[in-house]
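S.K.: Chain residues, written in single-letter form:
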Amino acid sequence: MAREYKPRIVTANDLIEGDVVYFTASHNWSRDIGEAVVAWSREAAEQLLAAAQAQENRVVGPYLAETDIGEDNRPQPVHFREVFRTRGPSNYFHGKQAET
Amino acid sequence: MYRYNDFDEAFVRNRVAEFREQVRRRIDGSLTEDEFKPLRLKNGLYLQLHAYMLRVAIPYGTLNSRQMRQLALIAERFDKGYGHFTTRQNIQFNWPRLKDVPDILELLADVEMHSIQTSGNCIRNVTADHFAGAAADEIEDPRPTAELVRQWSTDHPEFQYLPRKFKIAVSGSPNDRAVTKANDIGLRMVRNEAGEPGYEVIVGGGLGRTPMIGKTVREFLPKDDLLPYLEAILQVYNLSGRRDNKYKARIKILVHETGLDELKARIEDAFERQKRAFPGVPADLIRQIEEAFAPPEFENTQSLAYEQAQADNPAFRSFVETNVAEHRNPAYGIVTVSLKPIGGTPGDATAEQMRVLADLAERYGHDELRVSHEQNIILPHVRKADVPTVYAALGEAGLATANIGLLSDIIACPGMDYCSLATARSIPVAQAISKRFDELNLEREIGPLKIKISGCINACGHHHVGHIGILGLDKAGRENYQITLGGDGTESATIGERTGPGFDAEDIVPAIEAIIEAYLALREDASETFLEAYRRLGAEPFKQAIYGENGDKARAA
Ligand code: SF4
Chain A
1 MAREYKPRIV TANDLIEGDV VYFTASHNWS RDIGEAVVAW SREAAEQLLA AAQAQENRVV
61 GPYLAETDIG EDNRPQPVHF REVFRTRGPS NYFHGKQAET
Chain B
1 MYRYNDFDEA FVRNRVAEFR EQVRRRIDGS LTEDEFKPLR LKNGLYLQLH AYMLRVAIPY
61 GTLNSRQMRQ LALIAERFDK GYGHFTTRQN IQFNWPRLKD VPDILELLAD VEMHSIQTSG
121 NCIRNVTADH FAGAAADEIE DPRPTAELVR QWSTDHPEFQ YLPRKFKIAV SGSPNDRAVT
181 KANDIGLRMV RNEAGEPGYE VIVGGGLGRT PMIGKTVREF LPKDDLLPYL EAILQVYNLS
241 GRRDNKYKAR IKILVHETGL DELKARIEDA FERQKRAFPG VPADLIRQIE EAFAPPEFEN
301 TQSLAYEQAQ ADNPAFRSFV ETNVAEHRNP AYGIVTVSLK PIGGTPGDAT AEQMRVLADL
361 AERYGHDELR VSHEQNIILP HVRKADVPTV YAALGEAGLA TANIGLLSDI IACPGMDYCS
421 LATARSIPVA QAISKRFDEL NLEREIGPLK IKISGCINAC GHHHVGHIGI LGLDKAGREN
481 YQITLGGDGT ESATIGERTG PGFDAEDIVP AIEAIIEAYL ALREDASETF LEAYRRLGAE
541 PFKQAIYGEN GDKARAA
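Protein chains in written order, with full-length UniProt numbering: chain A, 1 to 100; chain B, 1 to 557.
Covered by chain B, per the in silico footprint, the following chain A stretches (three or more residues, Cβ under 8 Å):
(1) 16–27
(2) 55–61
(3) 68–81
(4) 90–99
Quick partial rundown of chain B residues pointing at chain A, CB under 10 Å, derived from the structure:
(5) ASP28
(6) THR32
(7) GLU33
(8) PHE36
(9) TYR52
(10) PRO96
(11) LEU98
(12) THR345
(13) ASP417
(14) GLN431
Chain B residues, not near chain A, derived (Cβ > 12 Å throughout):
(15) GLU18
(16) LEU239
(17) TYR247
(18) HIS256
(19) ALA311
(20) ASP359
(21) GLY405
(22) GLY500
(23) GLY538
Keep in mind that the hints were calculated from the coordinates and are not lab data.
For glycine and all other residues, C-beta sits at the position ideal for the given N, C-alpha and C.
Can you make the complete structure from the sequences, with help from the hints?
M.R.: Here it is in C-alpha cells:
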C-alpha cells in the first residue's frame, strides 16, 4: 500500500543572505515557517516546487519538506533537521534566536 | 614566514576581481545557480544550513599577527563576531552575505591570504605539524616542504579536476602531529643511514565512509625528488582513480583495489619519466623559501620567573603541565592556547580573542601563530620568562583553559548546527561531555584522552582516530550517536572499532561516562593511559560497561 501522503512545504536559502526561507501562498519568500503555503497532495507539491524553482534569482536550492500542522493551523517542521533550520545553531545564543 | 612575490600577489588579486564579477552576475540573474555554484566553490564559498560559509586557507597552519587581526576584522565586520578554526587548518566564517564575499576576499588578499582550493576536486590546503620550527623533537621544519608543495599545487593545470579532493600533510618530527597517515599523501621527514634528510611517503590514508590508514610507498625519498614523485602519484591517481562512484574515488580506494605493490610499480614508473623531464626546483626559490622559515633570533636569557610562577600558582602550574610543550631552545616554550573552554564550541574564537592572540604573538611570540588540526591556536616561540604574563593575558580573554590533550580538548566538527551535509549535531555533544566531566572534576585523573566527534560519515571531526570517537547519525528521524574506541591519529595510527548500536542524544554522555568509569576501574595504575588500557584489554569490558552483560544497552545511572 502506498505510504500516506504527508503535506509538504517548499523551503530554500535566500540568495543574498543565505538564510532559510519558505515559499508563501503569494509566491513570495518568508523567514517564518508559519507563513509557508502547504501542498496537500503530491501534484500540488510538484506544482509548488516548480513555481519556487522558477525564482532562482531570489533563492538557492528549493526543495519539498514534510510538514505537520500545529494547533494554530500553521505548518511546523517534522524532521529534526528542519526543526534546526527554523531555529539556527544551538551551540550558543546567536543566529536566528537572537534576531527574533 | 613566506611572503608573496609579485606573481602571487597578482594571481590572488585577479582571482578576487574575477569572483567579484561572477557574484555580480549571479545577483543580477545572468548566471544560474548551476553555473555559479562551481565558481563559488572554487573560491571556498559554500552554502550551509543557515547561511553561506567562507573557508579560508591557512597554509600549514602558520599565520602572523597582521593576518590574525585581519581575520578578526572580517569576523566583526562581515560575520557575527567570531570565526571557526577547523581540523584542516582553515578558518571558516559562518555568516557572510553573498554580496560581501568579494570584499572579504579583498581584505584577505591584503594580508596574503585567500580561499582558493579550499573546496573542489583539487589539492587542498597543505597541512603540517603545528609545532613546526619550534618542536624539540623536530628533524627539520616541515614548512619549507609544505610551502613548496603549496606553490606547486596552486592552480596546477593538470590537477584541478581530480577524481576527488586531495589532501597532503607534512610532519617534520618522528612524533606525528599532522595525522599524516590519514591523508591522501602523508610526508614524514626522516633521515637515511647517511644522515641525509628525506621523506617517508605514505599514500592512501583517509577517514570518511571508508576509513583507511595510509601505506608507505617509499621508505626514503631524497628531498630533491619530492616534486617529480608527487607529480607521479597524482598522475597515477588522476588516470586510474575511479570517477564512476564518488564514494570510491579517493586514492585510498585505488591503493586498496590495485594493491600496494602494483601501485608502487606504477608510481615508480611515472616517477622515472617525470624525473627525466624535471629540471629541478630553482636553487633561488629553495633558498628564498628556506630563508622565509629561518628560525627567529632566540635570546638565551635565563630567568627564574617561570619556575617561581609555577611554585606560587597551582593554576599556572596546571596550565604549564598541559599547555606548554618543549621547545628546541630550552629557554622557550610552545604555548598551546585552548579554543575549548568548558561548554564552549571547539575551535571558535571571537574577534576580540583573535586580537588578543595577535597582540601576544607580536609582543611575546616572534609574531608567529599556528592553527592546529585539533582546533587550537599555538604561540610557538614564547620565552619561558614571559609565559606567566602570557598566561595572565589569556586568562583575561577567556583563553587560559588548561586542558590540552585532556578529555575536554575535544575535536568537534560543525555538525548540524551549521553543516548542510550533517546527519546530526556534534557541538552540543562536545559541550555536554565537557560540562559533565567538569562537574565530576575527573579530567586530570583521567589523563591523556582524545575525544573526537563528527556530525556525519565524512568524518571532518576525525572520529575514527579518536581514542573515543563519536559519529552522529540520523536514525529514523532522531539524532543517534555511534561510538568507536581505540582510534589513534599519531605515528601509531589506528582506526577505532565500533562498539555496537548507537545511543540517543540523551544517552551519549552517560555512555561516555560509563566507558571512562570502566577505564578508571581497570587501568593498571594512573600512568596507563586510556589508549594503552584499551589496547591491553580489548573492546569487551568497555562494551559491557555501555551495553551491560546481556548486550542490553544500559544507561549508566
Ligand atoms: S563531518 Fe559531516 S557534519 Fe561534520 S563538518 Fe564534515 S561534512 Fe559536516
